[in-house]
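Enquirer: The hints should help you fit chain B onto chain A, whose structure is shown.
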Amino acid sequence: MSARPLAPQSTIDLATRAGPVLILVVIVLVFGLLTPSFLAAESLSNTAKQASFIGIAAVGMVFVLLTAGIDLSVGSVMYLAPLVAGLLMRDAGLGVAAALGVCVLTGAALGALNALFIVGLRVVPFVATLATLFLFRGFGAWLTQSRQLDFPDAIRGFGLASVLGVPVPILVFAAVAVAAHVVLRHTAFGRHIYAFGNDPAAAVKAGLPVRRVQAAVYVISGTLAALAGFVVISQIGRLDAGFGRGREFDVIAAAVLGGASLFGGIGGAGSAVIGALTIQAVKAGLVFAGINLYLQPLIQGAVILFAVFFDGLREARLRALRRRVIRPRGV
Amino acid sequence: MSAILRFEELGKDWFGVPAVSNLTLDVPEGQVLGLIGENGAGKSTLMNMIGGVTEPTRGRMLWRGRPYAPASAAEASAAGIAFIHQELNLFTNLTVAENLFIDGFPRRGGLLRGLIDRGAMQRRAAGLLARLGLDVPPERTLDTLAPGERQLVEIARALHREASLIIFDEPTTSLTPRETERLFAVIEGLRAEGRTVIYISHILGDVRRLSDRIAVLRDGRLVDEGPAASFDVPRMIRSMIGRDLAAVFPERTRAPGSRPVLEVTGLSAPGVVENISLTVREGEILGLFGLMGSGRSELARLLMGLDRAAGGEVRLLGRPLAGGPRDRVRSGMAFVTENRREEGLMMDATIRENLALPGIESFSGPAGLDRGRIAATAEALRETVRLKAGDLGRQPVRALSGGNQQKVVIGKWLPVRPRLLILDEPTRGVDVGARSEIYAIADRLAAEGAGILMISSEMEELMGLCDRIAVMSRGEIVAEFARPAFEERRLLAAAFRSGAAPASEPATGTEG
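Those protein sequence lines, which keep their order, are chains A and B. Following the working numbering, the numbering of the first sequence begins with 3 at its first residue and continues without gaps. Following the working numbering, the numbering of the second sequence begins with 246 at its first residue and continues without gaps.
One should not assume that every hint holds.
[Unchecked claim] Derived pair list, reagent style SDA-like, types lysine to any residue, alpha-carbon separation capped at 25 angstroms:
#1 K207/A x N293/B
#2 K207/A x T337/B
#3 K51/A x S609/B
#4 K207/A x A217/A
#5 K207/A x R363/B
#6 K207/A x D457/B
#7 K51/A x G122/A
#8 K285/A x S409/B
#9 K51/A x S446/B
#10 K285/A x L360/B
#11 K51/A x R586/B
#12 K207/A x R251/B
#13 K207/A x S409/B
#14 K285/A x S576/B
#15 K207/A x K633/B
#16 K207/A x E300/B
#17 K207/A x E399/B
#18 K207/A x P351/B
#19 K207/A x E407/B
#20 K207/A x G709/B
#21 K285/A x K633/B
#22 K633/B x A594/B
#23 K51/A x A100/A
#24 K207/A x D258/B
#25 K51/A x I238/A
#26 K207/A x R385/B
#27 K51/A x S164/A
#28 K207/A x L404/B
#29 K285/A x A738/B
#30 K633/B x E399/B
#31 K207/A x V106/A
#32 K51/A x R240/A
#33 K207/A x T302/B
#34 K51/A x L24/A
#35 K207/A x A324/B
#36 K633/B x R385/B
#37 K207/A x A644/B
#38 K207/A x A319/B
#39 K207/A x D469/B
The hints are simulated quantities; they were obtained by calculation from the structure and are not laboratory data. Values in this document were obtained by computation on a predicted structure and should not be read as measured data.
Chain B on its own, in the form it takes in the complex:
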């Protein structure tokens, strides 16, 4: 099978540091190529070169056998390459049909040829949506669609542009299991039509299942490549991190204590959660499992005082909490949101500024902020959380890889020594190596006596790390398991307990 896209000794330097080097690889036409690697392995840089966002420093690309050097995203699109990112390139204020035809609306004829032919646009859009099995009226505004539906709209746009190579970059992070299944069926369909797919994901099982071939990047180099059938997950991990990952999950340093840190009794918010009672003890990691839309993130927001509860009580170290988030942070609560870009970080501020923020009051004295102490604290944190970064005082957080951004989000809470840390999907979109480091931070905090409430959709990580797991379904805690009782089947059964699907599909808002 011939290569639709070929990299020849491709290289890209950032400020003299190679992000991709000496990469030679074929993307076979009509197949699915799985591309894996840790954050910072060079996947994003490679994608940016394909997409016309950055220019290679060395080597070249061949598209259908011809030299290919796109100068802009539009040029890559015109060549027939489409990207489906985690953040979709759609316009939420336009209709589904307008989103599909934004770069070339069907026009009316005759005197009115300046105007959009809405009838034709609606019909053609309906045809494209039908090909993907998306049953949504084309005149609906995009912001009323669920994340999975929006992603299918983006794929429909790629089909409309006759893209022959479609690159999926972590496409499942905001999808429900059902939406994910549908996406996989669509990808199968694209391949059956003869289109080429590059599939990038940290969920190695998915990559293995979808791909014909798998390529592994590490430190900007191609370290492993071959038919998917010859890859098992251990080989994938070994290639990605360059060693065997004996234990992703740390041995827990200390057994949990008995003193409760967080006591929740009868917490309710109409339409969101009902009669929630739970306890997190000193040094304990309590997992909170549930399907998307079961109310986990909403519960976290209630606990932090970000949303108001209608009834019930929250106590921290025995003291009832009544105030808002500021008050609760002062009492020793910390919250790492699932949404680091929007809610967890100041993306354009430096790493040091981000790290200093939660404890900013402790750094201020009569003469203003003690910059020396801030710098020293930030440097100490770099070691603690094993941050892979340049100059903390200069580099903006935006320039870090996803895993390292997440380490900043968690690390910034360490100096204030939280009594209770709420982690909401702390490893989403984070690679295996960084995951293991995040788990180690959680263990370390617990060993120092903090209580940790960890929300996750990944059962495996909860089972590997937590002392107990509570399961939420439709806004209620339906079961609780102690470590010896951890069993995948039982957790899932509990999560699905009260009927199959959540009451309504998410339209917008946070996941959880």
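So here's chain A without its partners, still in its complex pose:
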């Protein structure tokens, strides 16, 4: 048994990681062939900038998915957390930096509320975050009477700024993704998340701090959803009542397209990056290709379906690869 070659493992790893990247490359190439201007540096940079919105939240979602949980409330957190910050900016004269802090802390608090329901009261994540989806948005609507909130102009100085030619949203996205990668891969906390997602009962028996781990992922998801919301608001300068509505699906789709499993234990920060870029590339590509506006959601849905189907094929292929061979073929 010691003589078993190591090749299969690397093949499997490669195939698992390469699938989502391959899908992204194919999509970019297809749209690039349809409309070469899609491949221009500026439009690619624009696509990446827009992808950062879903991407930042998808990084948080990956943490949750790794524990085999789900967070449906991210779209509402994107709305409520910047709203709280915006109200304080308007009424208490908060600066941009302080507003960012308030927004992120509010997101963390909303995430902690999810954690309280899920870990403390043992409500199933799907149900708990479905409830807070309505709760958070409802609270925001009550605060504003569903009116649009205009932010002070100063905030756009943050969202539209660039450092060394790189737009701030992309920088924030990159920083979040790198930090998440380090946490997930190289800290005990990160490895505990994977362990918990793989086998919660074994994690308990191994004496891991499972409640803390499970609570933390929802706080992280809330925090990053709030940050994602702030990054967009700081570009457009206003917040209307429908902001973020339905975005939870984009976020979950991005994480899954990027290779995170809904069943826990599989995926990484890279999944969020690849998945968010894929979704945004499809959206932007459809606009570039001049596809009928009303057809676009249909095509987006089809692309996601195809990608997930392709992913399923890959999984089946991997299983077949790992399956024991009893006798050599063709004997």
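Expert: Below, chain B without anything else, positioned relative to chain A:
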């Protein structure tokens, strides 16, 4: 020799029914204690008390002379007690090294002290693995390891935690003979290091071979205990079931008929099985013997239509079968998988629901399911298969002992009167008493005219029960023996025929 762990008048009740009562026993330090008993004798309950999963109702435990009352698995682990179960507590998505250090990673120094020091972790893991003779790179992901290798990783974890008492609970069920030998060598090594071992198994010969002392539980009580040298297998069986087991194997009720039930000709699936031809007749029990990985379970899956064959023909009662599993069940086939927890049962559903499932269509009428008839059928089955259970309509299958779970898996097929029953390792992890009852069910079905294909790694049970035995090796049927020609040596020789080991070691997937 002093006792590392001592039970004093220990007792545990479940809903007022004692699972363990008045148990007083010493676990001598530095020795191997063999613990045997039928399913439901109280072994699991005792282990759960040691492991901090359940609390004793009466009495107490002493660990190194001090009162010991663990409140959680983590506390038992911290005290220095480790468990090696059939189901391993490992994380298949992490590397071998990460699995070893999951509860205390080596950290980097200085500014990076929040990060795992992978270099140090890899080195220390390699050291632990070397102690067990496991030649696997520590950075390999666990799910690429064979079952035997994974188990050694779990043992390495126990060594890393400096466990002084290591409890093995049926550790050999998913191991190949070679892996089993290596495990035994490791256990010898652990004892030589001065560690204490409790070894629990239904394979009595193994228990006798490994243990210094043997303790026997029956109905929650200690009924026999002494040096292993003074135990022979008949004494072990007698103590376990409280009587002599004159015949584990039933006298076959009727001789097999001549009409073929199942006819397989030239069945092939590339990389799995090649040119399989066999016949099972009415009332016949055909044994299918072979080493792990010889393709027996894979053949069963092909026969049931769970996997697709590339060529060949399967006929049931003369009619060719082409459809999937649903079609085949309708035509009268039934399959008891080797993997009752995952594939054979709905663990959290009630016993009654499980029993009713295969025949569910026959219980439904215009007004929905006929619950009265389901209940009556389930009660009748309780008698037929001698199920030791409480309220069938309330008790979940999960709460049954392994042997009784297996009786549910087999029993649920009886009402649909299968023409062909495939049993895949039906007695794995099942105690002697329940085994004998499972054999009796098989005999009874055969007497009613069903054909039975019984897959097993235990030659003894095939020789005791079957009319004929076919032997598989590397995906082919290499020999077939009629009852008068049954001989251990010849069966083994056939199983090993085409070279020693299977083409490749199992990585994952089903055994067979």
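Enquirer: A separate judgement is required for each hint: does it hold in the structure or not?
Expert: Against the structure, the hints:
Of the supplied pair hints, the one linking K207/A and N293/B holds, its CA atoms being roughly 12 angstroms apart against a limit of 25 angstroms. Straight-line distance between C-alpha atoms of K207/A and T337/B comes to about 15 angstroms, which keeps the hinted pair within the 25 angstroms bound. As the CA atoms of K51/A and S609/B are separated by approximately 59 angstroms, the hinted pair breaks the 25 angstroms bound. The hinted pair formed by K207/A and A217/A meets the criterion: a straight-line CA distance of about 18 angstroms does not exceed 25 angstroms.
The suggested pairing of K207/A with R363/B holds, with an alpha-carbon distance near 24 angstroms, which does not exceed 25 angstroms. A hinted pair counts as satisfied when its Cα atoms are at most 25 angstroms apart, and K207/A with D457/B does not qualify at roughly 29 angstroms. Using a Cα cut-off of 25 angstroms, the hinted pair K51/A and G122/A is violated, with the two alpha carbons roughly 37 angstroms apart. A C-alpha spacing of about 60 angstroms is found between K285/A and S409/B, which places the hinted pair above 25 angstroms, so the restraint is violated.
A threshold of 25 angstroms between alpha carbons decides the hint, and for K51/A with S446/B the separation of about 61 angstroms lies outside it, so the pair is violated. With a C-alpha separation of about 38 angstroms, the suggested pair K285/A and L360/B falls outside the 25 angstroms cut-off, and the hint is violated. Between K51/A and R586/B the alpha-carbon distance is near 49 angstroms, which puts this suggested pair outside the 25 angstroms criterion. The straight-line distance between the Cα atoms of K207/A and R251/B is roughly 23 angstroms, inside the 25 angstroms bound, and the hint therefore holds.
Restraint check: the Cα-Cα separation between K207/A and S409/B comes to about 18 angstroms, which is no more than 25 angstroms; the hinted pair holds. With a CA separation close to 51 angstroms, the supplied pair K285/A and S576/B exceeds the 25 angstroms bound. Distance hint between K207/A and K633/B is unfulfilled; the C-alpha atoms sit about 30 angstroms from each other, more than 25 angstroms. Taken as a hint, the K207/A and E300/B pair is honoured in the structure, with Cα atoms around 16 angstroms apart against an allowance of 25 angstroms.
Between K207/A and E399/B the CA atoms are separated by roughly 13 angstroms; this keeps the pair inside 25 angstroms, and the hint holds. For a cut-off of 25 angstroms, the pair hint linking K207/A to P351/B stands: about 20 angstroms separates their Cα positions. At most 25 angstroms may separate the alpha-carbon atoms for a hinted pair to count; K207/A and E407/B meet this at roughly 16 angstroms. A threshold of 25 angstroms between alpha carbons decides the hint, and for K207/A with G709/B the separation of about 41 angstroms lies outside it, so the pair is violated.
With a CA separation close to 61 angstroms, the supplied pair K285/A and K633/B exceeds the 25 angstroms bound. Restraint check for K633/B and A594/B: the C-alpha separation of about 17 angstroms stays at or below 25 angstroms, so the hint holds. For a cut-off of 25 angstroms, the pair hint linking K51/A to A100/A stands: about 23 angstroms separates their Cα positions. A hinted pair counts as satisfied when its Cα atoms are at most 25 angstroms apart, and K207/A with D258/B qualifies at roughly 23 angstroms.
Of the supplied pair hints, the one linking K51/A and I238/A holds, its CA atoms being roughly 13 angstroms apart against a limit of 25 angstroms. A hinted pair counts as satisfied when its Cα atoms are at most 25 angstroms apart, and K207/A with R385/B qualifies at roughly 23 angstroms. At roughly 11 angstroms between alpha-carbon atoms, K51/A and S164/A fall within 25 angstroms of each other, so this suggested pair holds. Of the pairs offered as hints, the one joining K207/A and L404/B holds, with about 16 angstroms between alpha carbons and a cut-off of 25 angstroms not exceeded.
Of the supplied pair hints, the one linking K285/A and A738/B is violated, its CA atoms being roughly 65 angstroms apart against a limit of 25 angstroms. Under the criterion of a C-alpha separation no larger than 25 angstroms, the hint pairing K633/B with E399/B is inconsistent with the structure, at around 33 angstroms. The suggested pairing of K207/A with V106/A is violated, with an alpha-carbon distance near 34 angstroms, which exceeds 25 angstroms. With a C-alpha separation of about 18 angstroms, the suggested pairing of K51/A with R240/A holds against the 25 angstroms cut-off.
Restraint check for K207/A and T302/B: the C-alpha separation of about 22 angstroms stays at or below 25 angstroms, so the hint holds. Of the supplied pair hints, the one linking K51/A and L24/A holds, its CA atoms being roughly 21 angstroms apart against a limit of 25 angstroms. At most 25 angstroms may separate the alpha-carbon atoms for a hinted pair to count; K207/A and A324/B meet this at roughly 14 angstroms. This hinted pair does not check out: K633/B and R385/B have alpha carbons roughly 44 angstroms apart, beyond 25 angstroms.
Note on K207/A and A644/B: the hinted pairing holds, with a Cα-Cα distance of about 20 angstroms set against a maximum of 25 angstroms. Between K207/A and A319/B, the direct Cα distance comes to roughly 6 angstroms. Compliance with the 25 angstroms bound is thereby established for this hinted pair. The suggested pairing of K207/A with D469/B is violated, with an alpha-carbon distance near 32 angstroms, which exceeds 25 angstroms.
The structure is inconsistent with the numbered hints 3, 6, 7, 8, 9, 10, 11, 14, 15, 20, 21, 29, 30, 31, 36, 39, although it conforms to all the rest.
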